[in-house]
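Residue numbers (the working numbering), protein chains in the order written: chain Z, 1 to 425; chain G, 426 to 559.
Keep in mind that a hint or two might mislead.
Stated by the list, open to error - Ranges of calculated distance between the beta carbons of each label pair, as one might list FRET restraints:
1) G:Glu468 with Z:Gln219: 34 to 40 Å
2) Z:Phe2 with G:Thr459: 39 to 45 Å
3) G:Lys472 with Z:Gly117: 19 to 25 Å
4) G:Leu510 with Z:Ser107: 40 to 46 Å
Derived by calculation from the structure, the hints in this document are not laboratory data. Yeah, the Cβ is synthetic: ideal placement off N, Cα and C, and Gly gets one too.
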Amino acid sequence: MFISDEEKKMLNGEEGPGIQRSIQMLVTLAEAFDADRLSIAKRVHIHCAVPYDMLVELTEGAKQSKAYATTHAHFDPNALDPEGCKRIGIPEVYDNYEYIHAGMPPSKLEEIYRRLGYFLTYTCTPFFIGNIAAQGEVISYGGTSGSVIANSLYGAYGNRDSIPVNVATSVTGRFPHAGYAVKENRYAQVLIEPEGLDFNNFTNQDYGAYAYYAGGVAQNKVLAFNEFPESLTLEQFRFIASPLTALGSVGLCHVIGITPEAPSLEVAFGSRKPQITAKVGKAEVKQAMDLLNTADSDDVDLVTFGCPHCSIIEIRDIAMLLEGKKASSNVRLLIGVAKAIYDLAEQMGYVDIIKKAGGVFTSCCVGSQNPFNLLGPDLRVRTAAVDSVRAAHYMSRNSLDKIKICYGNTDQCVDAAITGKWRAK
Amino acid sequence: MKVKAHKVNPGKTEGEAMVHEGAFSFLGDFDLVTGDCLIRTPELDGKNMTGKVLVCTTGRGSSRGPVSAYRAGKNGKNPAAIICLEAEPVLVVSAIVGKVPMVDKPEKNPFEVIKTGDWVKVDADNGIIEITKK
């Protein structure tokens, strides 16, 4: 494998022991996949489940991140809205990753983040707060849904990455020239085509279920969606991309006619035939919906939005639906959002409307690490209404099926928050 | 019997084989505190993996797998080595941070030549697996 002079210096420890360990890890990883060289990486998104001692080892002596670095969803659900969180039963000290950090509090990790110049964005949607990759830029993003969106919608060159690699990439500015960092590996392999579906009447709930099914078909292959309407928005795309890593481990998807590497079927597939072509119709969408809807009661105790974290448009929609209304006293209404988006929502008056209605904000993960996955049983939280496939999938699994799920559209979930009942059919 | 393989994570080690003809993750399939296997098949369920040579197809699951392997490695609970058909990035990084020597692409089908309980030497540096039948 080719090693540049600058990389040799890092390997020899001339830039400190942390960078030496980091580049050694990346070289081992690159060699494992027979990469010819390392790539220059420009952006990272640091997953906050990086253990404290690992973070110290990989960054010891490093001054500043060589890549533009932002941080993933907060460890502490209370950080954004401590009063609200207290009211709905989240303990004052609650660190999702405490066992991983060997008892180190978030503030000790933050000291290192600050030293390295990681921007404390605390969100799973880095693209909403300015960490937007250009096409072909090499990235290492923690959080699989943010990574698949950056890869697919923006055409960034990132892999299915793990937590140590995010850190190693940030301090070295390098990433193995392998996997999706190589153009040849980015062509679509699986084609998903609709059958008898009218996308003009498709809701976010339908898109999510459609993609959930598709992810299960594609598993770890590159997927292409055909015939999605040109009007597809970023919000809708998120409901399509974020489920892909739930049933499958899709790292990259193309949308024919919309995403940058897929102006046509021929270009997306590199003039090759699909390895798998799957038709998805009403039966398949229903099958996915049935997998997601596990509730055995219409009484809703928890309504969660923001998996991945809400955009300003979603916050606006939720505020408009809640204006002048109040959430049922039996319902906890939890909204996951980045602080930067929260600040904008506050300026727009949306935060006030939602808080008056009883809503609580958090910048922690509200899907796989939703605090109620663990707290739920003790607080009699049995049934949650969510508008996200990813939240439905992970809340069900990570609560060991103790939280049952009603999966629906945003307006149906807001209705459940107000009435305490799931009234969608 | 000696079988050639492709180096993934360097190191030399040996141990009793534990064969799982499926994908593996250090998060979900493995208890990082005890080293017990959490794969619910009759052959593997509840068996301890510490010091064993894991034979599997590839990696799967969460990008937090390496965090689990790192913590288990610090507590001395990891498998001794991993032999798999085709490496996958999350499993490779798990092996690196968990300090577990690893090879892939063995020249013979490992599920035919290695059975649970066989003694297996793994020389990842030179890409050699040596199997002594139980």
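*asked:* Of the numbered hints stated earlier in the document, which are not met by this structure?
replied: The structure breaks hints 1, 3; every other hint is satisfied.
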